[in-house]
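Participant: Spelled out, the chains give:
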Amino acid sequence: MTPAAATPSSPAVSIEALRKDYGAIRALGGATLTVRKGEVFGLVGPNGAGKTTLIKAICGILKPTAGRVTVLGFDAGRDRYRLRRRLGYMPQAPALYEDLSPYENLTFFGKGYRTEDLRGRIRLVLGFVELWDRRDDPLHTFSGGMRQRVSLACALLRDPELLILDEPTAGVDPALKQTFWRHFQELKQRGRTIFLSTNMMEEAMRCDRVAVIRAGRILITEAPEAIRSRGRTEITLELAGGGRRVEEAAAYAEELPRLLSGYGLSSEVRRIRIRRPDLEEVILSMIGQKEAGAGKVKTHTGDDPPAGGTAPSATPEDHT
Amino acid sequence: MIASVKAIAVRINRQFLRDRRFLGLSLMVPLLIMLLIKYVLDSLPGLERLGVHVSDYAMFFAAYLVHFLAYVLSTIVLVGDRTTGTLARMFVYGYRRREIVFGYVGGYSTIAAGQTAFILVLTKYLFDINLLPDIVPVALTMFSLAVVSVDLGVFISNFARNEGQVIPFIPLVILPTALLSGIAIPIGDLPTVLQWCSYVIPLRYAVEVLNAVLVNHQPFRDNLAPFLILVGIGAGLLATASFTLKERE
Ligand SMILES: Nc1ncnc2c1ncn2[C@@H]1O[C@H](COP(=O)(O)OP(=O)(O)O)[C@@H](O)[C@H]1O
Ligand SMILES: [Mg+2]
Numbered sequence: 023m024t025p026a027a028a029t030p031s032s033p034a035v036s037i038e039a040l041r042k043d044y045g046a047i048r049a050l051g052g053a054t055l056t057v058r059k060g061e062v063f064g065l066v067g068p069n070g071a072g073k074t075t076l077i078k079a080i081c082g083i084l085k086p087t088a089g090r091v092t093v094l095g096f097d098a099g100r101d102r103y104r105l106r107r108r109l110g111y112m113p114q115a116p117a118l119y120e121d122l123s124p125y126e127n128l129t130f131f132g133k134g135y136r137t138e139d140l141r142g143r144i145r146l147v148l149g150f151v152e153l154w155d156r157r158d159d160p161l162h163t164f165s166g167g168m169r170q171r172v173s174l175a176c177a178l179l180r181d182p183e184l185l186i187l188d189e190p191t192a193g194v195d196p197a198l199k200q201t202f203w204r205h206f207q208e209l210k211q212r213g214r215t216i217f218l219s220t221n222m223m224e225e226a227m228r229c230d231r232v233a234v235i236r237a238g239r240i241l242i243t244e245a246p247e248a249i250r251s252r253g254r255t256e257i258t259l260e261l262a263g264g265g266r267r268v269e270e271a272a273a274y275a276e277e278l279p280r281l282l283s284g285y286g287l288s289s290e291v292r293r294i295r296i297r298r299p300d301l302e303e304v305i306l307s308m309i310g311q312k313e314a315g316a317g318k319v320k321t322h323t324g325d326d327p328p329a330g331g332t333a334p335s336a337t338p339e340d341h342t
Numbered sequence: 564m565i566a567s568v569k570a571i572a573v574r575i576n577r578q579f580l581r582d583r584r585f586l587g588l589s590l591m592v593p594l595l596i597m598l599l600i601k602y603v604l605d606s607l608p609g610l611e612r613l614g615v616h617v618s619d620y621a622m623f624f625a626a627y628l629v630h631f632l633a634y635v636l637s638t639i640v641l642v643g644d645r646t647t648g649t650l651a652r653m654f655v656y657g658y659r660r661r662e663i664v665f666g667y668v669g670g671y672s673t674i675a676a677g678q679t680a681f682i683l684v685l686t687k688y689l690f691d692i693n694l695l696p697d698i699v700p701v702a703l704t705m706f707s708l709a710v711v712s713v714d715l716g717v718f719i720s721n722f723a724r725n726e727g728q729v730i731p732f733i734p735l736v737i738l739p740t741a742l743l744s745g746i747a748i749p750i751g752d753l754p755t756v757l758q759w760c761s762y763v764i765p766l767r768y769a770v771e772v773l774n775a776v777l778v779n780h781q782p783f784r785d786n787l788a789p790f791l792i793l794v795g796i797g798a799g800l801l802a803t804a805s806f807t808l809k810e811r812e
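Going down the list, the sequences are from chains S and E.
Counted the way our numbering counts, the first sequence spans residues 23 to 342.
Counted the way our numbering counts, the second sequence spans residues 564 to 812.
It is possible that some hints are incorrect.
To be verified - Listed next, the in silico PhoX-like pairs over lysine-lysine satisfying Cα-Cα at most 25 Å (straight line):
(1) E:LYS809 / S:LYS133
(2) S:LYS199 / S:LYS210
(3) E:LYS687 / E:LYS601
(4) S:LYS59 / S:LYS210
(5) S:LYS59 / S:LYS199
(6) E:LYS569 / S:LYS133
(7) E:LYS809 / E:LYS601
(8) S:LYS85 / E:LYS601
What the hints assert, rightly or not - Output of the computed footprint for chain S on chain E, the stretches with three or more beta carbons under 8 Å from beta carbons of chain S:
(9) 578-586
(10) 683-696
(11) 729-738
(12) 758-771
If you are wondering where the hints come from, they were derived from the structure by calculation, not from laboratory data.
Since we're looking at a predicted model, the values are computed, not measured.
By construction, the Cβ of each residue, glycine as well, lies at the ideal position given by its N, Cα and C atoms.
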């Protein structure tokens, strides 16, 4: 689906059976996932699911209890120094110096590795997060969202081939969020890989692929549309006699003809209303371990174009 | 390596100079404490008659203060770097352990040097000590002590997960130092076991040098041994801190 992923190159990130225990707390319980080069990959899950822990493992600042993490072909533990040179990392908390200005913060973090044309880069990235005018104000005069923007600018400083962003848009206003996403897409066009975590579903929808994480385990990794189609679609048949039948189908596109033939596809069926769950509902039901029809559904792969008329209905039906 | 160390030291000094309240406190606290010490010592009757010169002790207390402040300061700030995530960010952005440790020591040593100079001047005027003839050895000793204190802070910061956890480590270092360094009780008067213990107290060596130079008016070159031990402790702690600074959770 993604053009860059078509090349049989090594994955950007490959995590195998990653486990991390903090004393008695198991933060990750055998997480496995693969991120392809050139995709925007979303890690979606509730608070405490293990997103930050997993991200730290990718950046080589976590000592896994067990399992393996390979990033851009490097072992995230042994080869962490070579790996980090090619990473951009935005931690969940802004992690910047409050007494210093954005310019000073970026100058400092840009010097860890030699950054070509550091001043030019700082100008560029601060311009992108729309904070160039505030470059010399101390950070403690900034709002949370503004700090978040400085933090993102910092991650973009070296134009890394792999960007690791831990909840990048948390606390960022909607307009700027759009700008962020436009920029993510633009980075992707330039062949960069983006790995981000989020607990916002509308963001997950914009990723090429999404991994759902809960309690330290990856439940599923797929294109968001494919995940969505795993949800049970509710089909309400209103009959001529005034009766009404409600059917549920896991993959309604295949199920619908069979369902309808049960009624002889006759004029008896006046209207078919379809309510598909949105991604948020599907993921929430997965996380809640409710039966989301995941078991028997034929896998809807992401290359299945969203069929016409599948837009979620604005009229949720209540029944039974 | 050098560029990174410098970047860290510069950043720390910049932060420090930006923080007005902190800057003010770090000068006010020594001022108040030295005034208090002078007041207490002056009010003790009969000290002079016993042949004890208050001014002899002043420099020891000043050294103690330098040690204490530099140690606490560097521990707290480095632990803060860990809790806010800036330390992790430094690692991911290419700073290496050794560079970080050296950068911190470099950065705080300049701060400590400033503080030390202030305390030296303060002591000179409050206690009317003629420092000028011995200013080089005294300044060298005080500065080395400050470096040792920062090293110790970097090392100890590995064991505290947050700023609150730093607190138990303060008396752990500061109390034995007060009792075993020779500032309160002459080391020769301590029980043998405690005399042995005093060998691991960095302040002991600084006090030895100061005592020889300022009180007994011996030349510095005859008292290089304790000075070099102090420097050695600094180097040892520095190496240990570089190896122990935790990079991965
Ligand atoms: N340093 C730590 N010490 C102990 N437990 C931790 C630590 N970091 C994370 N955890 C625990 O690991 C789990 C996952 O945390 P985290 O990765 O931060 O989740 P998320 O980022 O998805 O909100 C949580 O239960 C959290 O309490
Ligand atoms: Mg998190």
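Participant: None of the hints should be skipped; say for each whether it holds.
Facilitator: Hints, one by one, checked against the model:
1. A threshold of 25 Å between alpha carbons decides the hint, and for E:LYS809 with S:LYS133 the separation of about 21 Å falls inside it, so the pair holds.
2. At most 25 Å may separate the alpha-carbon atoms for a hinted pair to count; S:LYS199 and S:LYS210 meet this at roughly 16 Å.
3. Simply put, E:LYS687 and E:LYS601 have alpha-carbon atoms about 12 Å apart, close enough for the 25 Å limit, and the pair holds.
4. Between S:LYS59 and S:LYS210 the CA atoms are separated by roughly 10 Å; this keeps the pair inside 25 Å, and the hint holds.
5. Between S:LYS59 and S:LYS199 the CA atoms are separated by roughly 24 Å; this keeps the pair inside 25 Å, and the hint holds.
6. Taken as a hint, the E:LYS569 and S:LYS133 pair is honoured in the structure, with Cα atoms around 10 Å apart against an allowance of 25 Å.
7. Distance restraint check for E:LYS809 and E:LYS601: the Cα-Cα separation of roughly 42 Å exceeds the 25 Å cut-off, and the hinted pair is therefore not satisfied.
8. Our distance criterion of 25 Å between C-alpha atoms is broken by S:LYS85 and E:LYS601, whose separation comes to about 52 Å.
9. With a cut-off of 8 Å between beta carbons, the stretch 578-586 of chain E has 3 residues touching chain S; three or more are needed, and the interface restraint holds.
10. For a cut-off of 8 Å, the count of residues in the stretch 683-696 of chain E with a CB near a CB of chain S stands at 0, and the three-residue condition is violated.
11. Note: the stretch 729-738 of chain E has 0 residues with beta-carbon separation from chain S under 8 Å; the three-residue rule is not met and the coverage is violated.
12. With a threshold of 8 Å between beta carbons, the proposed coverage of the stretch 758-771 of chain E by chain S is violated, since 0 of its residues qualify and at least three are required.
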